[in-house]
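Under the working numbering, think of the first position of the sequence shown as 1, with each following residue one higher.
Some hints could be false.
What the hints assert, rightly or not - The calculated label-pair distances, taken between Cβ atoms and stated as ranges, are:
#1 D26 / A64: 11 to 21 Å
#2 V39 / V11: 30 to 40 Å
#3 V4 / R38: 45 to 55 Å
I should point out that these hints are in silico values taken from the structure, not numbers from a laboratory.
All residues carry an ideal CB built from backbone N, CA and C; glycine is no exception.
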Amino acid sequence: MDQVLLLLVLVFAAGIAFDFINGFHDTANAIATVVATRVLSLRTAVLMAAGFNIIGALTGTAVAKTIGAGLV
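Input sequences plus hints: build the corresponding full structure.
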């Protein structure tokens with residue numbers, strides 16, 4: 001049971017790390033317009049982008065299915 005928990009923690013940490021790195025590249029482009037036009041504050045825009053990036057990283061499986069199709 002300890003190995004399953006460790007694997008779960010590692011997968012979760014990898015998802016969070018992916019989201020963090022992905023945010024560096026994509027969040028600036030995604031929030032630039034709403035921040036520049038003052039529709040949202042910088043804090044609100046960053047928090048929304050972070051939240052949706054986390055959801056996408058943890059629920060998106062299309063890429064994993066495509067890459068995994070040739071492995072098994």
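Broken hints, by number | none
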